[in-house]
Structure formats: C-alpha cells, structure tokens
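Residue numbers (the working numbering), protein chains in the order written: chain A, 1 to 411; chain B, 1 to 305; chain C, 1 to 377.
Don't read these hints as lab results, they were simulated from the structure.
A hint or two may mislead.
Unchecked claim - The calculated DSSO-like cross-link candidates involving lysine-lysine, where the alpha carbons are at most 27 Å apart (straight line), are: (1) C:Lys-95 / A:Lys-252; (2) C:Lys-326 / A:Lys-252; (3) C:Lys-131 / A:Lys-252; (4) A:Lys-252 / C:Lys-375.
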Amino acid sequence: MTPVSRTDSARSWLMFGLGLCWLFVLLWPLLGIGADGVLSFAETFAVWGRIAAAALVCMVVWRLRRSGSLGFLDAPAGSLRDGMARVAAGVPRPVWLIALAALALSFPLYTERYAQDVAVLVLVYVCLGLGLNVVVGLCGLLDLGYIAFYGVGAYTYALLSIHYDLSFWLSLPIAACLAAVAGCIIGYPTLRMRGDYLAIVTLGFGEIVRILLNNWMSLTNGPNGLLGIKSPGIYLPSLADGFSFEHLYMRKLEYLYYVILVLAVFTVIAVRRLNFSRIGRAWEAIREDETAAEVMGVNTFLLKLLAYASGAAFGGLAGVFFAARMRFVSPESFSFMESVMVLAMVVLGGMGSIPGIILGALALIALPEAFRGFELYRMLAFGGAMTVMMLIRPAGLIPAKRMGKRGEEAE
Amino acid sequence: MEIFLQQCINGLTLGGLYALIALGYTMVYGIIQLINFAHGEFFAAGGYVGVILLAWMAAQGMTQSHPWLCMGLALLLTMIYCAMLAMAVERVAYKPLRHSSRLSVLLSALGMSIFLQNGLMLTQGVYDKAYPTEMVSGLVTFGGLQISIMQILILSTTAVLLVGLNALVFRTNVGKAMRATAQDKVMSALVGINSGRIIALTFAIGAGLAAAAGIMVGFNYGSVRYDMGFVPGIKAFAAAVLGGIGNITGAMVGGLIIGMVEVMAAAYIQGGTEYKDVFAFIILIAVLYFMPTGIMGENVDDTRV
Amino acid sequence: MNRNMWRVLMLALALCLAATGPALGAKLKIGSLSPLTGPYAADGNDIANGVRAAIAAIEKEGGIPGFDGIELMAEDSACDPKQAVAAANKLVSAKVAGVVGAYCSSATIPASEVLAEEDIPMLTPASTNEKVTERGLKYMFRVCGRDDDQSVAAVTFLTGHLKAKTLYVVDDKTTYSQGLADNVEKLAAAKGIKVIAHDHVNQGDKDFSAVLTKIKSANPDALYMSLQNSASGALMLIQARRMGITAAVIGQDAVYHPQLMEIAKEAAEGAYLTFGFIDENTEAYKKFASAYAAFGKPGAYSGYAYDSAYVLLSAIKAAKSTDPAKVKAEIMKMDIQGASKKIKFMANGDSGSNYIIRMVKGGQFVNFWDPATGKTY
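Please take these sequences and the hints and turn them into a complete structure.
Take a look at the structure:
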C-alpha cells in the first residue's frame with residue numbers, strides 16, 4: 001500500500017465531517033419536531049450520535065488501513081486467504097458437488113421446521129431467479145413483471161387441483177406450458193421495444209395479471225384466494241394386504257423440501273444446459289449486441305420469444321410448487337414487489353451466473369428472516385444491506401465469467 | 001356534461017400530480033439512464049416534512065396569522081430538504097456505481113427505496129399523519145362545476161413549476177450543461193462541465209418537484225403515510241415512459257394522460273374503478289407498441305440500451 | 001480497497017448499533033402474528049400492543065404459576081401468506097404455547113394450517129372471514145365477530161333507522177371489505193333497498209374523486225363504505241363532504257380508529273360505523289384501558305387482541321399446563337366478560353358477534369343505535 005499524503009487525509013476527514021453535518025440536517029426535521037410543534041434535540045442527538053460513533057470507528061479503521069498501519073493484520077489475513085484458496089483449488093470438483101449434495105439431502109435431519117421452511121422458500125426463489133436469469137441474465141431483456149408467470153403457475157395448479165383433482169406431478173408440465181404461452185403473449189408485443197421501455201411494459205403486464213387475479217371473482221375467487229389445494233402425492237408400496245400402492249399426500253415439510261430440491265436441481269441443470277447450448281450462445285450474443293447478433297444470422301425475434309417462454313416455464317413450475325406448499329393462493333403473493341425481489345436476486349447474485357443466483361436467493365430470503373430479531377428495524381436493515389452489497393460488489397456476488405462490457409458501461 | 005367536465009378537472013388534478021413526480025424520473029433518466037426507484041420516497045418524505053413544518057408553524061401561531069405565507073414557506077423548505085436528501089442518496093448509493101452496469105445501480109436504488117421508506121416509518125410511525133386541511137378549504141362554483149381551492153392551487157403550482165423548470169433547462173447555462181451532460185458525459189467534461197455536480201443538481205431538482213407534489217397531495221387528500229410513495233411512483237414512472245423517457249414535455253403529457261385515463265375509466269366504464277390501473281397500463285402498452293419510444297421520445301440508439 | 005468502502009462500513013455498523021436484540025429468559029412463550037410492516041402496520045401494531053397489554057395485566061394479577069414470566073414473540077406477518085407461514089413456522093420452532101393473530105384473513109388461513117399441524121392454539125382477533133373457523137381446525141378460535149353478522153347489522157340500520165331507499169356500495173377489494181360489501185348489497189336488495197351500484201376502488205388509493213363524482217350525480221340516500229383502512233375511510237369522507245355529498249355514510253370496524261377523526265376532522269362528523277358493542281363501564285374494560293394506557297389510544301383491534309391473549313393466558317393458568325388439549329378444554333369452558341365483548345366460544349371456535357351502530361359525534365365515537373332493539377342509545 002502506498003503511503004498517503006497529508007492533504008488527502010485532511011480532505012477525507014473534511015468530507016467525513018461534512019457528511020455527518022449533512023446527515024444531522026436530514027435527520028433533525030424528522031426526529032426533532034413533534035406533532036404538536038415542539039422542538040427537541042435529545043432524540044436526534046441520540047440517534048445521530050450513535051451513527052456518528054459507528055461511522056467514526058469505520059473511518060478510523062479505513063484511514064489506518066490506507067496509511068498502512070494495519071499492515072501487520074493484512075499480511076497474515078492475506079496469506080490465510082491465499083492458503084485457503086490453494087486448498088480449495090486442490091480438491092476436485094466432484095468432491096465439492098458430493099459434499100454439497102450431502103449437505104442439501106441431510107438438511108431436514110438436523111434442522112427445525114423454521115429453518116426448513118426458510119430453506120423451502122429459498123429453493124422456490126432459486127427456481128424463480130434462474131428462470132428470470134434466462135430472460136435478464138442471458139438474453140438481456142429487463143423484465144419487471146416476471147412474477148406474473150409464477151402466479152399463472154400457482155393458479156393453474158390451484159384450479160386444476162380443486163376442480164379436477166389433478167395430481168401435482170401432472171400439473172407441473174401443464175402449468176409450465178401455460179406459463180410459457182403467457183410468456184409468449186407478453187413477449188410478443190414487447191419485442192420491438194428495447195431497454196427501459198420493455199421494463200415498463202413488462203411491469204404493466206405484471207400488474208394487469210395481478211389485478212385480473214384480484215378481480216376475476218368467478219375464476220380466481222378474487223382477494224379471498226383459493227383454498228383446498230392438495231399437497232403433492234406419491235404412491236408408496238404397501239405390504240399390508242398383498243402388494244399394493246398406497247397414495248400418500250406429502251404434507252410434511254421434510255417431504256416438501258425434497259420435492260422443491262428436486263425441482264431446483266432440475267432447474268439448475270436445465271438452465272445450465274441451455275446456457276452452454278447454441279441457443280444460450282445466441283442469447284448472449286443478443287444481450288451483448290442485438291444488431292450485431294442479427295447481422296451474424298441469429299434469429300433475434302424467435303430467440304427472444306423463446307427466452308421469454310422458457311423463463312416463464314420455470315416460473316410456472318415454481319408457482320405450482322408454491323400453491324402446493326401453501327395449499328392456498330391469493331393475489332397478495334404476486335405483487336410488483338415480488339418481481340422486484342426476484343430481479344434483485346439475479347442482479348445481486350450476478351447476472352447469468354448460476355451459483356451467484358443461488359447465493360442471491362439465499363441472501364435475499366434468509367436476510368429478512370435473519371433480521372427478524374431487529375423487529376421493526378428489519379426492513380430498514382434489509383434495504384440498507386441491499387445497497388451496501390451492491391456498492392461492495394457491483395457485478396454481483398459471483399459474477400458470470402462470460403459477461404461482456406457494453407458501450408455505456410465502458411465510459 | 002357537467003359531470004363530464006367535473007371528471008375532467010378530477011383527471012387534470014391527478015394528472016398534474018403524476019406529472020410533477022414523473023418529471024423527476026425523466027430528468028434523472030435523461031441524464032444517467034437510471035430508473036430511480038427511490039424517487040417515490042422523496043415524494044413521501046416531502047409530504048412528511050411539509051406537515052412537520054406546518055405543525056411547527058402552527059405552534060408558533062404563524063399559520064393563523066399568515067396562512068398563505070406559511071404554505072409557501074413550507075413548500076419552499078420542503079423542496080430544499082428533499083433536494084438535500086436526494087443529493088445525499090445520490091452521493092452514497094449511486095455515484096460510486098457510475099461505471100457499473102445499469103442494473104446494479106437499479107438495485108442500489110431499490111435498496112435505498114426500502115431503506116428510506118422504513119426510515120420514514122420508524123421516525124414518523126405507522127399511522128397516517130393528518131394535514132391541516134382547514135388552511136385551504138372552500139369551493140369555487142362555475143354553474144354546476146365545483147372546483148376546490150386546493151385543486152386550483154395544485155394546477156397553478158404545477159403549471160408554475162413546470163414553466164420554471166422549462167425555463168431552467170432551456171434558457172440558462174445550467175440547463176445547457178444538463179442537456180450536454182445527458183447527451184455525452186465525456187464530451188461535456190472536455191468542455192469544462194463538472195458532470196458530477198450537474199448530475200447531483202438534476203437529482204436535487206427532480207426530488208424538489210416530487211416534494212412539492214408530496215405536500216400538495218397532503219393538502220388535497222388530507223393525510224400522508226410512509227408508504228405512499230410506492231404506487232404514485234410506479235404510475236409516474238409509467239407516465240414518464242409514456243411521454244418518452246428523458247423528455248421533459250413528454251413527462252408532463254404522459255402524467256396528464258395517465259391521470260385522465262384513470263379518472264375516465266373509473267367514471268365511464270362499467271366496473272372501471274377496479275380496473276382503472278389496467279386501462280392505464282393498456283394505454284401505455286398500446287402507445288408503446290405503435291411508438292416504441294413513447295409519444296415524444298427521441299430514437300434511443302443501441303449503445304444506450 | 002474501494003474508495004467508498006468506509007461509507008459502506010459506516011452504514012452497516014450504524015444498522016447494527018441501531019438494532020437491539022430481544023431479551024432471552026426461561027419464560028412462558030406466546031406468539032403474536034400481525035403485519036408490523038407494510039400497509040396494515042397500524043392495525044398490526046395495535047394487535048401486538050393489545051397482546052402486550054394483556055400480558056401486563058396477567059402479570060399484575062400474579063402471573064402464571066410455574067412460569068417465571070411471560071414472553072411475547074411478536075412476529076411480522078406483513079399481510080403476506082409467504083411471510084405469515086415463515087413466521088408461523090418460527091413460532092412453532094420456538095415452541096410457543098399459543099398464538100394470537102393474524103390480521104389479514106389471507107395470512108391467517110395459511111398460518112393456521114401450519115400451527116394446526118403442531119396442535120398450537122390460535123386465536124384471531126381480527127380475521128372476520130367465515131373460512132377462518134369453517135375448515136374444521138381443532139385449535140382455531142375467533143374472538144372478533146364475523147363478516148356475515150356485521151352486514152346484517154348494517155342493513156338493519158339502513159331499513160330500521162335511516163329508512164334509506166337507495167344505496168351506493170363501495171369497497172376496496174380485500175377479502176374482508178369485499179365480502180362485507182357483497183353481503184350488504186345482497187341483504188339490502190332483499191330488503192327492498194335499491195342498490196344503485198357497487199364500485200370497487202384499489203387499496204392504497206388516495207384519489208376517490210372519480211367514484212365520488214359518480215356518487216354525487218346518483219344522489220343515493222346512503223353510502224356503504226367498506227374499506228380496509230381507517231385512513232382511506234377518512235380520505236373518502238373528506239373528499240365526499242368537500243364535493244357536497246350529503247348521503248349518510250356507513251362504515252365498518254376496520255375504519256373504526258381514532259385516526260378517522262384526526263385526519264377527516266369535521267368531515268367525519270355524523271358518519272356511522274358498525275362495531276362490536278363495547279361497554280366501557282365494565283371492570284374488564286377498565287382493566288384493559290389502564291393496561292393499554294402505555295401504548296396510546298386503543299385502535300379497532302386492540303381490545304380484541306387483548307381479549308384473545310387474556311383468554312389464552314387465563315386458559316393456560318387454569319389448565320396449569322400448556323398441553324393443547326387441556327388448554328382447549330379451558331378455553332371452551334370460559335364464559336367471561338372481556339374488554340371488547342362477552343366471550344363464550346361455540347364448537348367451531350367462533351365466539352359470536354354483537355355489532356351495534358356507533359356514530360362520530362364531537363370528535364368521539366359514541367354508541368348510537370342497537371340493531372337488536374331498534375332503539376337509539
């Protein structure tokens with residue numbers, strides 16, 4: 001680390017002081033003027049003082065690091081990190097995969113309901129995130145209404161299960177197809193648009209689907225939601241009287257965990273295969289430069305539609321599971337905020353990167369749960385953490401390897 | 001006919017508010033191509049700071065003696081406050097990401113939106129805050145038409161702010177610098193424009209307009225709430241895109257159209273009140289289908305998308 | 001290192017400092033589920049505070065023998081089925097003895113399924129949808145009234161007192177508000193009142209001018225305003241009165257909150273609301289009022305939440321155990337005057353309703369008309 005000049009240090013302390021003053025000015029009207037118009041400073045100073053103290057600690061650490069005074073800590077930490085990386089690189093990949101699989105399979109054995117429930121949710125969002133990744137990460141189309149397909153899947157299974165008593169497993173392909181069709185319907189008129197125009201139109205479609213779900217009383221039962229959805233069932237061999245199959249509804253959370261694990265693994269493999277196929281390469285070409293891709297003979301219209309359809313199909317699969325897991329669906333689950341959360345997982349994890357998105361889903365579902373201890377501060381901490389993570393790793397937690405730089409970013 | 005005109009006024013009022021919020025979106029987008037998710041939060045913060053200032057003024061006895069002065073002062077101070085808030089947010093959450101992918105800034109903006117919304121909730125509580133609506137009450141009647149003083153105030157303040165903004169952007173040096181930065185950051189830097197400062201200023205102006213909208217919403221509807229920025233935020237975003245994102249006149253037109261469509265759908269279509277947002281979005285999609293860059297948008301070239 | 005890293009670290013540390021962890025101890029644990037964040041946070045906090053007040057009241061009476069105090073786990077259901085289920089699972093993992101909640105029926109229903117799997121008693125203070133108790137769950141109780149009873153009270157009032165000929169119905173499309181509005185529309189039509197129209201607005205709307213202009217031109221005798229949130233009710237009243245709509249306005253219990261008068265001020269005067277009869281002169285109410293004083297003015301559901309928690313804790317006290325079967329037996333045996341109403345559970349877990357008409361008068365809610373006797377108070 002290069003030694004830092006005195007003026008640089010003075011300047012950063014000045015900025016630091018200015019920032020704190022600015023913060024005080026912003027905080028005071030909100031905390032210091034009561035509803036009855038009484039001015040007070042105590043509370044503002046208490047809150048501001050705590051933030052200032054925390055900031056001061058960070059500032060001191062940062063300054064010390066910049067000036068090299070913490071070198072005695074950095075050196076061993078660095079060598080430790082290098083050592084660990086070397087050990088990690090030494091272990092062959094299959095070993096990692098087996099260890100991961102073993103961990104995932106044995107997860108319900110040593111955890112409680114709550115942890116399992118969070119794990120199930122994480123896996124649902126892994127499916128959603130990977131589905132959206134096809135559209136946003138691979139094909140580069142910003143989609144703010146992705147949750148609509150999740151909703152289509154969930155309501156498809158809910159209606160099939162309630163009215164026709166169709167089994168979970170049969171509903172999976174049906175819902176995936178329906179979601180894909182919905183994807184094409186939404187995709188078709190939007191394909192002429194680019195960038196943010198696309199974003200607002202998909203947002204509009206997402207809202208339209210949600211409002212329809214909320215208002216189409218005869219089909220969806222409106223805001224009351226649909227009750228009485230069956231859990232996934234399996235046939236177990238039974239030896240009670242002769243050999244027969246017994247039908248069992250998998251209501252227990254452990255079973256559901258395994259079902260969604262299978263779905264998530266299927267999604268991971270499918271998206272991976274797509275990514276490294278001809279189609280995936282064409283998608284990436286469209287993402288990097290649509291005009292160039294078209295000139296090179298890529299049928300951009302068809303491929304973009306295909307991206308929408310396949311992304312939607314994965315969303316539909318996740319939706320079917322969601323309906324089966326909740327045994328209840330209502331339009332609240334498919335709001336715009338959900339679309340945004342899924343998009344956040346993709347961007348936070350690293351667009352186009354499968355392990356990144358898994359990590360992103362884990363972070364965005366597990367964080368609000370982990371922050372439950374903060375009670376009212378939960379969402380505040382979550383919002384702050386989201387910005388902080390983006391600032392630290394702008395390209396995502398685990399950036400994809402094959403991601404080009406587009407013109408405007410290179411500026 | 002009277003009812004139709006009445007509904008037109010309702011639509012104009014709503015549209016004017018959307019237009020004010022949409023302007024912030026469109027200005028920020030025009031200059032750094034960012035959909036600023038936190039913009040709706042500036043609107044909500046404006047509503048809160050306005051009512052807080054008015055409560056203080058009421059305690060001083062000022063609102064009773066000089067109600068109009070107080071309103072003007074509250075409006076001005078609130079706009080300054082939100083401008084400062086926006087500059088702080090820009091400095092902390094957006095500026096460090098200026099050279100990252102656009103989606104990372106989008107996400108950072110989203111995090112800020114959640115953060116600010118919950119910050120408002122924690123400092124101001126979960127209940128609605130009542131506005132001193134009695135300061136401006138009264139109706140003006142033209143034949144069978146009724147227009148409340150507040151509606152007139154909203155329309156006139158909106159008009160004044162819009163004219164002022166247009167003058168700022170098209171008639172001053174700062175406006176010229178803004179337009180130059182929006183077109184090409186590198187070139188404008190070469191001719192001596194401090195693009196960082198111009199971007200911060202754009203954020204500040206956009207947030208100031210949103211704050212004005214917030215305070216007027218408070219007066220018109222009677223209360224503000226910590227999560228009130230979200231829905232108008234989406235609508236205003238839609239309005240900005242409808243008009244052609246990045247285009248200031250477009251944002252005004254888009255806001256008025258969305259407001260009108262909502263009111264007219266609710267008024268004249270069977271079952272329209274529950275589907276009014278659907279109609280707004282269908283109009284948006286239809287317009288974008290035939291004019292892929294919005295009503296007044298310029299052709300966006302590939303490098304920007 | 002990133003130039004802006006310090007800012008980042010500052011933010012992170014500030015967050016850690018700002019939050020304080022919950023206290024731990026070997027105590028009787030009960031849970032509450034309500035929307036502490038999001039659009040219904042106001043009612044959700046009332047519920048959590050009602051439960052806190054009940055705990056304070058029980059502890060003042062000497063606590064529960066065998067336990068070293070009562071600990072509340074107030075979880076956020078956010079009115080979202082997914083989060084409600086996660087919170088319910090968290091409560092199950094923490095082995096709570098019972099749960100008070102949730103608020104939105106769409107959160108209560110899936111959460112109750114989770115709690116039912118582990119036989120944890122659940123008492124809802126606010127979910128009025130019929131389906132809540134009609135699924136045959138063994139440990140599901142409802143302390144508040146039911147939508148179907150509330151709409152009967154409203155329509156009896158329309159015919160019996162207001163003698164309304166025409167009615168305009170508006171709801172904001174939630175399970176609760178729409179169910180109620182549909183019932184009122186049906187019953188009113190059956191009683192010979194002409195229902196001019198039934199319009200829906202969206203939750204979180206602030207601008208009702210389009211609908212209200214329609215109402216003004218239709219000029220109905222009465223407007224049934226079924227909204228999920230008291231602030232929305234206040235906004236609608238302000239705009240309606242400003243436009244000069246003179247129809248009698250009838251609201252329901254979700255609009256019943258001191259906020260209504262705070263925001264709408266004189267526009268709220270004369271509005272009618274259907275609400276459970278509260279006898280403020282009973283011992284139970286006074287006890288509730290003094291225990292709740294620490295949390296501000298009681299909201300619509302504070303009393304119900306207080307009663308729910310009070311019933312649960314008294315049942316645990318009487319059963320001398322947290323065994324669900326024994327607690328249920330005690331709950332069913334109970335026949336007490338609560339803060340909000342007389343509580344006696346029926347076999348399906350409902351506890352009956354006692355809706356009356358209250359009116360806003362001089363900035364206060366006052367008892368106005370009793371549908372059972374047809375008399376004004």
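A quick look at each hint next to the structure:
A threshold of 27 Å between alpha carbons decides the hint, and for Lys-95 (chain C) with Lys-252 (chain A) the separation of about 18 Å falls inside it, so the pair holds. Distance restraint check for Lys-326 (chain C) and Lys-252 (chain A): the Cα-Cα separation of roughly 25 Å lies within the 27 Å cut-off, and the hinted pair is therefore satisfied. Straight-line distance between C-alpha atoms of Lys-131 (chain C) and Lys-252 (chain A) comes to about 23 Å, which keeps the hinted pair within the 27 Å bound. As the CA atoms of Lys-252 (chain A) and Lys-375 (chain C) are separated by approximately 54 Å, the hinted pair breaks the 27 Å bound.
Hint 4 alone, counting from the list given before, is not met by this structure.
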